[in-house]
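**Q** Take a look at the letters that make up each chain.
There are 2 protein chains.
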Amino acid sequence: MVKQKIGIIKIGGAFLEDEKLLETFYSAFASMEGLKVLVHGGGKRASKLSIDLGITPQMVHGRRITDAKSLEVVTMVYAGWANKTLVAGLQGRGCNALGLSGADANLIRALKRPASDIDYGLVGDVERVDADGLSTLLNAGFTPVFCALTHDGRGQLLNTNADSIAADLAMGLSPLYEVKLVYCFEKQGVLRDVSDPESVIPRIDPDHFKTLQKEGAISEGMIPKLFNSFRALQAGVDQVYIGPVSLLSGQAPKSTQIHL
Amino acid sequence: MVKQKIGIIKIGGAFLEDEKLLETFYSAFASMEGLKVLVHGGGKRASKLSIDLGITPQMVHGRRITDAKSLEVVTMVYAGWANKTLVAGLQGRGCNALGLSGADANLIRALKRPASDIDYGLVGDVERVDADGLSTLLNAGFTPVFCALTHDGRGQLLNTNADSIAADLAMGLSPLYEVKLVYCFEKQGVLRDVSDPESVIPRIDPDHFKTLQKEGAISEGMIPKLFNSFRALQAGVDQVYIGPVSLLSGQAPKSTQIHL
Chain A
0 MVKQKIGIIK IGGAFLEDEK LLETFYSAFA SMEGLKVLVH GGGKRASKLS IDLGITPQMV
60 HGRRITDAKS LEVVTMVYAG WANKTLVAGL QGRGCNALGL SGADANLIRA LKRPASDIDY
120 GLVGDVERVD ADGLSTLLNA GFTPVFCALT HDGRGQLLNT NADSIAADLA MGLSPLYEVK
180 LVYCFEKQGV LRDVSDPESV IPRIDPDHFK TLQKEGAISE GMIPKLFNSF RALQAGVDQV
240 YIGPVSLLSG QAPKSTQIHL
Chain B
0 MVKQKIGIIK IGGAFLEDEK LLETFYSAFA SMEGLKVLVH GGGKRASKLS IDLGITPQMV
60 HGRRITDAKS LEVVTMVYAG WANKTLVAGL QGRGCNALGL SGADANLIRA LKRPASDIDY
120 GLVGDVERVD ADGLSTLLNA GFTPVFCALT HDGRGQLLNT NADSIAADLA MGLSPLYEVK
180 LVYCFEKQGV LRDVSDPESV IPRIDPDHFK TLQKEGAISE GMIPKLFNSF RALQAGVDQV
240 YIGPVSLLSG QAPKSTQIHL
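Those sequence lines, one after another, are chains A and B. Just so we're aligned, residue 0 is where the first sequence starts under numbering that gives the first Met the number 0, counting upward by one. Just so we're aligned, residue 0 is where the second sequence starts under numbering that gives the first Met the number 0, counting upward by one.
Do not rely on the hints blindly, as some may be mistaken.
Each pair may be met inside one copy or between any two copies, as identical chains are not told apart.
16 Å max Cα-Cα, derived EDC-like pairs, lysine to aspartate or glutamate [claimed, not checked]: (1) K253 x E197; (2) K43 x E16; (3) K111 x D151; (4) K68 x E16.
If you're looking for bench data, these hints aren't it; they were derived computationally from the structure. Predicted model, so just to flag it, every value in this text is computed and none were measured.
Based on the sequences and whatever the hints tell you, model everything.
**A** Listed below in structure tokens is the structure:
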């Protein structure tokens with residue numbers, strides 16, 4: 000049986016803070032044909048709200064230490080402000096968006112990360128994606144829009160990295176669909192030289208990645224995206240790209256494709 | 000054709016601020032048999048967050064004047080914190096909850112209330128409920144959990160009273176289902192004397208309501224609930240109750256039934 004194609008698109012919270020970028024994204028995503036799922040972040044706004052409320056954000060290796068108060072903040076920002084802004088924006092452009100956290104319809108269950116030398120608090124690592132439940136929503140004509148929250152199935156919400164959620168959704172759907180995972184950001188792709196927007200690396204495989212890492216050519220924020228990309232490909236995801244939103248409409252002059 | 004039964008249950012935000020009340024609600028709602036939809040508020044927490052952020056909440060006749068900043072606040076509180084807390088809590092009790100705003104899947108479209116002597120700002124009055132879309136979700140086994148937000152279909156979220164949303168959902172579903180609408184709160188029902196929890200009025204019809212209003216026996220917060228109840232019954236909703244959560248499991252010793 001020929002599998003249906005699906006695109007899993009991840010955007011960073013930066014898109015929500017820049018009207019022009021957001022407009023470009025809306026057009027590109029709404030005009031994308033076929034099945035699609037959106038995953039979004041919102042970390043910058045969460046840190047801003049934390050500070051406004053007198054809570055100092057604590058980050059380790061780019062990950063938020065999430066105590067009960069910080070979980071309230073990210074829940075408000077990710078599932079509230081960011082998710083509903085995107086859903087209403089996409090609806091206004093004819094895309095039948097349906098906003099979700101992993102708790103909704105029990106679509107993404109996670110395990111609270113055990114405390115080791117670092118205790119991340121209420122942070123979860125994805126345990127199970129309900130691909131059948133997600134298929135039900137896709138078949139009904141909805142476009143799922145996921146924020147970066149999951150749950151443990153016993154009443155506890157968990158903060159979960161949006162890049163990881165995108166990879167886990169791609170992996171979970173790959174037995175049923177031909178999956179393309181796209182990490183969209185403000186740049187044209189992974190850059191060899193961050194100060195040169197033209198230095199896009201067209202193709203990265205694990206060996207190349209090791210070399211680039213040794214050279215210090217990969218920015219710290221890009222490393223988890225690349226690990227997630229390799230993880231997704233190893234689990235059967237068909238294609239992974241890192242690049243601009245123009246990728247969604249097939250009009251990107253440049254982008255980075257990740258290979259095994 | 001015999002219509003399937005459905006319960007539309009509305010709870011106030013006060014349930015979310017009281018662990019014991021919330022626990023009682025979870026048990027009652029999760030054990031309710033048949034199709035059900037939850038609608039929740041969150042106004043107290045929204046006012047608290049506003050104040051914490053240096054925004055003074057402005058209320059007229061119990062309704063929030065919603066400027067752009069206040070809309071961000073209610074979106075964070077209603078669709079974020081309140082909605083996802085309830086969804087995760089219900090999931091932990093075996094209820095397959097799916098959190099929604101009216102923008103999600105375009106389920107509730109509203110019209111921005113025109114400014115007259117009062118300009119409520121980004122506040123919407125329900126224009127259309129997509130009963131078929133909602134049926135799709137119900138038939139798939141999900142329990143919709145609505146927060147008090149709608150959209151205008153052109154990209155704008157709108158703050159919408161939760162009591163009204165519950166009535167509009169009940170009305171929208173009544174051609175397809177036998178609908179029971181229940182306004183749950185901390186008391187046993189509509190009280191003749193607010194200081195006497197035993198003074199529950201078992202039955203109110205429009206004439207009785209007028210008399211009670213003249214006598215000043217109805218609290219100001221209860222009046223819109225009663226107007227919404229009459230509106231729902233006139234539009235074909237089968238039953239409307241105001242009372243405690245024990246109503247959901249059929250174990251309330253007292254409650255108020257609204258009649259035409």
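**Q** Hint by hint, which ones does the structure fall short of?
**A** none
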